[in-house]
Amino acid sequence: MDCSEIISRIKKKLPDFNPISISQNYSEEIYIRVDSRVFKDTCLVLHKILPSPVMMLFAIDERKKLNKFVITCVFMDVKKSQWVIVSMDIPQESPCFDSLAKSIHSATLFEREIWEMFGIEPRGNPDLRRLNLHDEAWPQGNYPLRKDFNGINGQVLGEYKFGRVDGEGVFEVPVGPVHAGIIGPGHFRFSVAGEPIINLELRLGFTHRGVEKLFEGKAYPDAIRLSECVSGDSSFAHSLAFTHALEKISGASISGQAVYLRGIFLELERMYNHANDIGGIAIDVGFSFSAAYASIIKEAILQLNEKLSGNRYLKKVNAIGWVLADIDDVKKQILLNSLKSLKQDFKELVKMLYSSVSFMDRVDATGVLRRKTAEDLGVIGLAGRASGVPMDLRKHFSRIYKEAKFKMAIQESGDVLARLRVRISEFEESCRLIEEFTGKLSKGEKTSVNPELKQGSALGYAEGWRGPVLYWLKTDSAGLIERCKIVDPSFHNWQALSYAVLGEIIPDFPLCNKSFDLSYSGNDL
Amino acid sequence: MIHILKNRILKGVVTKHIQLGLPKEIETTGLELKSLIQKRFGRSLHIREVDTGSCGACESEIISANNPIYDLQRFGISFVASPRHADALLVTGAVSKNMLTALKRTYEAMPEPKFVVTCGDCALDGGLFKGSYYVEGAVKDILPVALHIPGCPPSPLSIIQTLLEFLRRGAF
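Same order as they appear, the protein sequences are chains C and H.
First residue of the first sequence? That's 860 in our numbering, and the numbers climb one at a time after it.
First residue of the second sequence? That's 2 in our numbering, and the numbers climb one at a time after it.
Since the hints were derived computationally from the structure, they do not count as laboratory data.
Fair warning: this is a prediction, and the values are worked out from it, not measured in the lab.
Treat the hints with care, since some could be wrong.
Coverage of chain H stretches by chain C, computed from C-beta distances (three or more under 8 Å per stretch; other residues unrestricted) [what the hints assert, rightly or not]: (1) 54-65; (2) 149-159.
In silico DSS-like cross-links for lysine-lysine, where the CA-CA straight-line distance does not exceed 27 Å [claimed, not checked]: (3) C:K1210 <-> H:K7; (4) C:K1199 <-> C:K1107; (5) C:K939 <-> C:K1202; (6) C:K939 <-> C:K923; (7) C:K1107 <-> C:K923; (8) C:K1202 <-> C:K1254; (9) C:K1199 <-> H:K12; (10) H:K12 <-> C:K1202; (11) C:K1231 <-> C:K1254; (12) C:K1199 <-> H:K7; (13) C:K1333 <-> C:K924; (14) H:K12 <-> C:K1210; (15) H:K105 <-> C:K1077; (16) C:K1333 <-> H:K131; (17) C:K1006 <-> C:K924; (18) H:K7 <-> H:K40; (19) C:K939 <-> C:K1107; (20) C:K1190 <-> H:K12; (21) C:K1020 <-> C:K961; (22) C:K961 <-> C:K872; (23) H:K12 <-> C:K1191; (24) C:K1006 <-> C:K923; (25) C:K1206 <-> H:K7; (26) H:K12 <-> C:K1206; (27) C:K1166 <-> H:K7; (28) C:K1202 <-> H:K7; (29) C:K1175 <-> H:K131; (30) C:K1006 <-> C:K1107; (31) H:K131 <-> C:K1006; (32) C:K1299 <-> C:K1107; (33) C:K1020 <-> H:K12.
Far from chain C, by Cβ distances over 10 Å, these chain H residues were calculated [what the hints assert, rightly or not]: (34) L37; (35) Q39; (36) R44; (37) S45; (38) H47; (39) E50; (40) G77.
Glycine is no exception: its CB is placed at the ideal position from the N, C-alpha and C atoms.
Bound conformation, chain H alone (with noise of 0.2 Å):
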């Protein structure tokens, strides 16, 4: 407990203590984001994650954007656990066949209203597996997807902007 007390006291706030040079962007795209969310979603706004064939940078970058530095929920986006607790469906990776119907159903367990944000180039159209014999194409031929985040991966903060311009358009 002593450790972790002397850590807490030393480490003071993560974001200002360590050298990392963050843009001072994060902070004002962070409450700008809170203020829609809590507008627009009553006042959070919940994701669920499925991997349908994603090489795992981007799922290490969500988890990245969840990390005590971009702190994703300190704006009032969460991940969750269940389909049946999300607003919105994050998708990564080129479709693989064995992912089709998991796909489907975890859209289809969703409670509306709801919307579909895919994460990633090979999300957006296979990326480097498009033509694959075991690829079934882009997210957008199977489900309404309403924002692309690109990247391979997409950063952090490329993750939380992409998604601050999305609720500002107010497009879903």
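Here chain C stands alone, though its shape is the one from the complex (with noise of 0.2 Å):
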């Protein structure tokens, strides 16, 4: 039992440790009930021992019901494709817990957010500046995501403060929220000495619009839409890992042909994206032709998903327990025969990056992101695959990734380079995926789903293009959303831009944050 396994590693760390319950749902969540002084003990037991960064650390108003709030934070355990899951309570009285966040640095951000939404402090974190609430647009003491919540109060406005490097000629250039290009809104603070980059502070939430709040109280078939919304080039993932856990409440069964057309639609996001990134960094170093041309392969894609699906953006396309698009033999044709040139094209686009010297110059140990670091920092997906951090969970959670012998992309050298190469490798790797599961699908098979919806709550997961896309939800009585809280990987990752940038100059930032190539709506919810 997979349970007892993980309490007694626990227990060799703390032999005093004593959960209040401990219960294993759905088979691949180990929830873990403890006492709030033993918490932050536990979490860094699990931090150690699985080894996981955190993955999601959120709050629960139940106040009104049962008097307290309730702070769960979700780890990973890839070894046995299991999320291990602790909650404690915390009286109404008192809101507050003690950080994790000197001990690990990825539960950092969480507990800001905790703060801003909830008014629950916690004790400790050297930071407590507000992340999306700007200080600028919103005063203080108001607690959007808390129940209770019914507009603002009081007026005082205040500002925020940068960090600040001091020293001989150490001077700051200040960048947006409005950039140069076609791109979402976020302010860059560069500290700069001479050429060199010694600091950057990011400073996002621009794009905040309450989606966590506009969530609750919504029925399903409208909290699938608004799931789309979240990032733009992510809907696919997001409606997925958000259907995912809604299936996972309702015991809805998926039938096998949804399963392995969530497979391709999964993986044609990933293709478009990917081709449009690798554009995106040829751009950035001046290399038009090739940016060109992967903007046709991309555009080629979004064509092909329009055709398969009815939507550019794979929007309107899952559904609990069945996938609203169906591909038969005229589309699954047009798939493959799509397949076929972009691959030929896709081949000729990596043979010009990689034969012009220039190019490769510029992509080369620039931006480097240590391991060590990303692991710090708790970066994941492909920003984390291209430090050497092997993380994806469509090799550690997937049957049907299991059954295509899905080989993951990695790389060491954390650079630019690094980060094109794992998108290079994961698009070819898509093609493959793809075809694989296309061999799969079946004629006629198909199952309408009433799903039964009822109380419950469950973590729903997908591996977008960038990482892992978490969604945890929990229904009322009447099937109602009651707590949505979602984890784009541009949470975990964009901390990690800043330490990548260091040394490097700001015209190779436009360079190193496209490498990225972060989420701001995905990250400011």
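Mind assembling these two chains? They're in different frames, but the hints should get you there.
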């Protein structure tokens, strides 16, 4: 039994460990409820023994019924393909808890989020500046994710304080929130001495729309549409993670056909974004021909998406237990033919990039994110794999990918070139996977699923093209959403950018930034 | 270099080569647009794009409108890096409270004459994000909006066509 195994491993480090309750849900989620006094130690032990960064850390407001807040921390156990979820109760009279931030860096931003959204103080967190609720726009003391929030009180606005680097000849370069390109808003504050960047502070949250609150009280068809608009370039991964959570709660079984269709669409989403980013990296070093070439590939995939699903961005495709867009024999042929020409075009693109000395010179050893830094920060997904962090949900958690002998792309050097190489390998692997999955599609199989929505909670996940997209859902007895916590991989990975650019010059910043290509809206929510 | 030359020759003119079933209307739309723009703006129409809370899909489609297949630029419409160079402001997304000041300042930084275009369902009235505690509301309540391009997200072709309709009406 996996439950007892993890408990005995914790007990080796914490002999007095005595959880309030342990339960195993949906065969892959282990819930451990602990007392608030041992929450921190339990998390530290799990962080070390699994090892796993804090994948999610969030609060739930249960004051109305139970007079308490609940704080939940999610870890990933890749070896056992399971999630270890630790939670504790916090009495409403004293909303605070011991911060994990000083021991686990990946908890830092989550704690700041809990503080600004719920007013629960992470005691000992050295930085409690707000992330998404900007001081210039939102008065202190208003906590929008509390259930009893009903409008802003008070008018006192403040100003965000940036970290400062002092010293002779150090100057600051502020960039944003409105950037020169056609891109989302964010503020970057560079501290520069001469040419090299000595510090970069990111200030995001400009596209904060209160997504998590909007989910609350929604029924599932509307909520799926909303999940598709959390991060527009990962619509499918987001809706997939969301439906996954709902499927667990409702107990809906997923037809075999739908599993493969989802695999195909997930890989198509990965392919158009990887093509886009490879083109973006090329344009940021001024290599416009190959950038244009890559954009043709991207457009071809978007048009393929439309032919297969009726939507260029694969919206309105996912449903509970089923996929609304079926791939019949005609579409199958279109898909396979397109893949053939895409592969050819992509091969030419890669050849052009690799044979250009000036291009390779710009990307090689630029924007290095070392493995140690990546692990400490909890960098996940594509950026992690480029720095040697071997983690991909497709490898660890997915049956169909295991069947297809999925090969994870991994690089060690952590520079722009490594991230480019991971993208190239993944694009090629995606082509292969789609061919495999297409071969498994069976004729005429169709299940209509009428999900029975009930009370419950579950974790849904999908490996989007940036990395793991996680949804933690809690529904009420009517099946309406009570709490929805979303973590896009961008939330973990933005911090990595400010380490990768250290020592680089500002003109290389766009290149470094594009090599990560993180989502503004997925981060800001 | 040899690969670039080879691929340039092999690809030829992309719109012909790629078997994507490109509609004929794109050519007529674009050429018509070009002459209109030349008449009304002297030479070209410069657009500054601002994301005030979009999910990124509208941006992706606006970028696609500039790819070699749709190639908006050949018709005299280009996207510029600064509002100071712009004739039009293209706004995407529901207006987040955090972007309110930036949106107003970007508009103020543009020289006259100028007009505002909204792109995507969120920019019209907040779309799916309408009613959120952090959404200010519609762009039209903040700036004078001359044109809206509907869609979630609007396709590159519909971006081009809507712009043409608008310029033909001469309603700005």
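What are the numbers of the hints the structure violates, in ascending order? The structure conflicts with hints 4, 5, 6, 15, 18, 27, 33, 39, although it agrees with all the remaining ones.
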